[in-house]
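*Asks:* Chain by chain, the residues:
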Amino acid sequence: MYGERRPEFDPNQVLNNFSAAWKQFASKLPGGGSGGASIGIILIAIVAGGLWLASGIYQVAPNEQATTQLFGKFQTVTEPGLRWFWPAPVGKVQKESTSENKTMELGFRSETTSGTSVSRLGEALMITGDLNIVDIRLAVQYKITDIKSFLFSVDDPGDPDRGNREGKPDGRTLRDATESAIRQVIGQRSIDDVLTGEKEQVQIDTQLLLQTVLDSYGTGISIQSVQLQEVFAPEEVRPAFDDVVAARQERETRVNQGEAYKQDRVPRAKGAAQTTIQAAEAFKTARVARAQGEADQFTAILTEYNKSKEVTRQRLFLEAMEDILPGVKLILIDETAGSGVLPFLPLTDNVPAVIGGGA
Amino acid sequence: MIRNLLLVVIAIGALFAWQALYKVDQTELVLVTQFGSIESTEIEPGLHFKTPFVQQVTRLDKRILRVDVQPSLFPDNESRILNIDAYVRYQIRASDKGIRDFRESLITETSAQGAISQIVVAALREEVGGRDREEIIGGQIILNADGTRTVTAMIASDGTSVREELTKLVTAAVQKRVDEQGFGIEIIDVRIKRADFPDTIVQSVYDLMRSERRIQADRLRAEGEEQFLTVTADVDRQVEQIAAEADETSNRLRGAGEAQAISILAKALEEDSDLFAFRRSLEAYATILGGESTLVLSANSPLFQFLQGPSGAGE
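Protein chains in written order, with this note's numbering: chain A, 1 to 359; chain B, 360 to 674.
Bear in mind the hints are in silico, worked out from the structure with no lab data behind them.
From a predicted model like this one, the values you see are computed outputs, not experimental measurements.
Please note that the accuracy of each hint is not assured.
Unchecked claim - With a Cα cut of at most 25 Å, we get these calculated DSS-like pairs of lysine-lysine: (1) A:309 to B:626; (2) A:199 to A:102; (3) B:552 to A:143; (4) A:199 to A:143; (5) A:95 to A:148; (6) B:552 to A:199; (7) A:148 to A:102; (8) B:626 to A:307; (9) B:552 to A:102; (10) B:535 to B:456; (11) B:456 to A:73.
Unchecked claim - Derived DEER-like restraints, expressed as beta-carbon distance ranges: (12) B:380 to A:109: 44 to 50 Å; (13) A:279 to B:504: 51 to 57 Å; (14) B:500 to A:115: 38 to 44 Å; (15) B:484 to A:215: 27 to 33 Å; (16) B:375 to A:77: 31 to 37 Å.
Note that CB positions come from ideal geometry on N, CA and C, so glycine has one too.
Could you put the whole structure together from the sequences, leaning on the hints where they help?
*Replies:* What follows is the structure, given as structure tokens:
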């Protein structure tokens, strides 16, 4: 911390250097180092002074701002361009990139060379409001918006991970505040909310809280965004969480199967119903038509029958007998042959008992 | 000779100047000491004078400083342990008294860390020990009627979240203690960076998480089955109903057909029921008297009357 402060200007060292240089220089001066000595000294002093003053020229790059300090006291913030200010040890100029969006990662570190990332589980694993553990990787985008506050308000041990030097509050100060904020926000939600619906709100709440904390320190840092890169269940329990996802899909599948069953069975049943109804319709139509035909036939026959009733009757009878009797075993009994005696009883086995009286 | 003398004069003058003047940086507070005792303090940045050679300058940091409290185990009000990692931000009071107090009690920023850290741990232990674990995490678990859980932010009496309230209370407690001890510092805040389960219970937390997920997965699968069965049962009912209604319609149609047919025939046949009976009987004989039948008839039957003579079997 304090011990690593920029080395103070050491007067004795400067004096020694100066006199050594002087001796070397004076011996080479015209006049052999005695007569024109005072002129030489003045000349050298002017040249040295000029060089010293010239070393005060500095350039502020387009993405930068700079602060100037005179004997340690803050003077101004300077904008991009070629500038001059008192050189050390009188003045001090510090430059900082202020238009650039910088990134800090939490829970993981991107390896710029290989393009992969390494997880930092200590940062990534945190407790949710329902006392579950969730694994969160996030990236914070920030900007230095107040270079004076940034440089003079907050000490910081630096974050060697990201190459942050000591004294810059976007090192451990930013990391601590971010960890504190995200964990506070996650601690107010259930793991399900964090894993699914509330990512946006988590980002917004974390950004607000983080900015409040940073402002209370006067860091001069403005958070541009907090982005949740990854949110998942810890590796140890991930299969159980994946199974819930699978179960949810299975539920959908089962619902779809039910719907498929419905779509298949109902139309078929309606089709079958139509078949039954149409068959009945056909039956009805046919029945009526046949009855009508029969009725018409009878009416037609009756008309002719009425014209010559007896003859037609006889004819019909005889025609029917002609049709029937040839196929029938016929037994005739003469009733006059005698009564009291059974005239004939056919007892052959295969004679069906059809006994007719007088036809 | 003159040149050397001049050099010596310049050297001595420079030495005096360097000894009499000192810079105070924008980020510094300065103590001027004389033979070990504090002579004066300087809070304004810039160039300042002191007595050459006898007075020494000691520099302190004016900026907000950080003390990282070592993570340690804290029991809550039911002796459940949380591993809490906190940090403190403080600032040396930029006043003559503040600087003197700090210098006399804590000496340097480095040696201040231990003392401040101890006070913070004590204050945290007290505050955490009087609270529920959930309060420290910050979530409020609400059990819903359907067995699910909702988690919302636990709000403290002052309207902020409980974590924020905890931060404020601990900060105030620490401020009180450091003031009592005359440290000459302002506590900006004490924040809990991490509050984790200790390693020893992480596995049981994972077991609990697994069992909760199992319940959820089982419920989802059962719900799927429920919906499937509900739909298929309804479909089966519909199918049965459609078929039955079709049968109903069908039978009605068939009955109507029969009725109409009977009515048509009856109307026609009633015109001469005798003829109908005669014709129908003949048809019936043809059907009844099949190939194997034996018919016993009287020889006097009208059918055979002409067998007995051309004029018939007249009496």
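*Asks:* So, against the hints stated earlier in the document, which numbers end up violated here?
*Replies:* none
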